[in-house]
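Trainee: Chain by chain, the residues:
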Amino acid sequence: GAGVSQSPRYKVAKRGQDVALRCDPISGHVSLFWYQQALGQGPEFLTYFQNEAQLDKSGLPSDRFFAERPEGSVSTLKIQRTQQEDSAVYLCASSTRRMRGAFFGQGTRLTVV
Amino acid sequence: AQKITQTQPGMFVQEKEAVTLDCTYDTSDPSYGLFWYKQPSSGEMIFLIYQGSYDQQNATEGRYSLNFQKARKSANLVISASQLGDSAMYFCAMGIDRIGNEKLTFGTGTRLTIIP
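So the sequence lines, in the order shown, correspond to chains A and B.
Residue numbers for the first sequence, in this note's numbering: 2 to 114.
Residue numbers for the second sequence, in this note's numbering: 6 to 121.
Among the hints, a few may not be true.
Claimed, not checked - Some, not all, of what chain B presents toward chain A, calculated at C-beta under 8 Å: (1) F40; (2) S47; (3) E49; (4) M50; (5) F96.
As the list claims (entries may be wrong) - Below, a list of computed lysine-lysine pairs in the DSSO-like style, where the Cα atoms sit at most 30 Å apart: (6) A:K58 <-> A:K15; (7) A:K79 <-> A:K58; (8) A:K79 <-> A:K15; (9) A:K58 <-> B:K78; (10) A:K58 <-> A:K12; (11) B:K8 <-> B:K75; (12) B:K8 <-> A:K58; (13) B:K8 <-> A:K79; (14) A:K79 <-> A:K12.
No lab work stands behind these hints, which were simulated from the structure alone.
Quick reminder that beta carbons are idealized off the backbone N, C-alpha and C, glycines included.
Required output: the full structure, derived from the provided sequences and hints.
Mentor: Now the structure itself:
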C-alpha cells in the first residue's frame, strides 16, 4: 500500500493477556518508530528502528513491552501481561529522510479491561 | 531534554478566517527541527510543515505557514483561509538533528473547530 498500515485497528484485551500489534511501513523506509498516545495527550516515543536494528528503546515503559523488526520491514510491538494503564492508541511511523517528517499509520486502539 | 508547550487546548474559528496555533519549545541543542501534524478524528497523524533551526526563512506549504521566532523559542502555525476540513487536533513536535536521535517530542495539542 501507499501508506503506513497498522493492524488491528482496535484491540480489546483482558488484563493479563498478551497482545501483538503489527506495523507495515512504507516500502523502502529505513526508519520506523512506535509511539503511545494516551487519551487527550500527544504521542510519546516508545522505540526506534533503523532497518532491523533497534537503536533507541528508551521510551518503552517497562520490560513488558518488546518490539522487533527482524527483516527491516514489518515491525511488531508486543505487550505482555497487559494492564489497564496500557490502554492507549499505539502509533507506528516510518521515514526515509531524517528531519523531514515521518509518515504515521492510523494507529491501534488498545483497551485493556 | 526537550519540551513542547501548546497552551491552547481548544479554538473556535469562523470559516475563511486565518488562525494561529501557538507552540513554544525548549531545548539546549543548537540544531533541531520543528514539525506540525494534524490529527483528524480518524486518528492518523498527517505531516503539515517543517522548520529547521538554521533555516533563514519561515516555512510555507500551501495554506500553512510557520511563524518561527528563534529568540522567543516559538513556532506558531498559521492557517490561512480556514476550511471546514481543517477541524482536527493539531500537534507541534520537535526533533533534535543528531544522527541516531530520530524521535519526536510532541506537545499536548490544540483542538481546532471551524465554524461554518
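Trainee: It remains to establish, for every hint, whether it holds in the given structure.
Mentor: Now for the hints, and whether the structure bears them out:
no., hint, in the structure
1, F40, "6 Å, holds"
2, S47, "6 Å, holds"
3, E49, "5 Å, holds"
4, M50, "4 Å, holds"
5, F96, "5 Å, holds"
6, A:K58 <-> A:K15, "26 Å, holds"
7, A:K79 <-> A:K58, "13 Å, holds"
8, A:K79 <-> A:K15, "15 Å, holds"
9, A:K58 <-> B:K78, "28 Å, holds"
10, A:K58 <-> A:K12, "23 Å, holds"
11, B:K8 <-> B:K75, "15 Å, holds"
12, B:K8 <-> A:K58, "19 Å, holds"
13, B:K8 <-> A:K79, "28 Å, holds"
14, A:K79 <-> A:K12, "13 Å, holds"
Against the hints set out earlier in the document, no violation occurs for any number.
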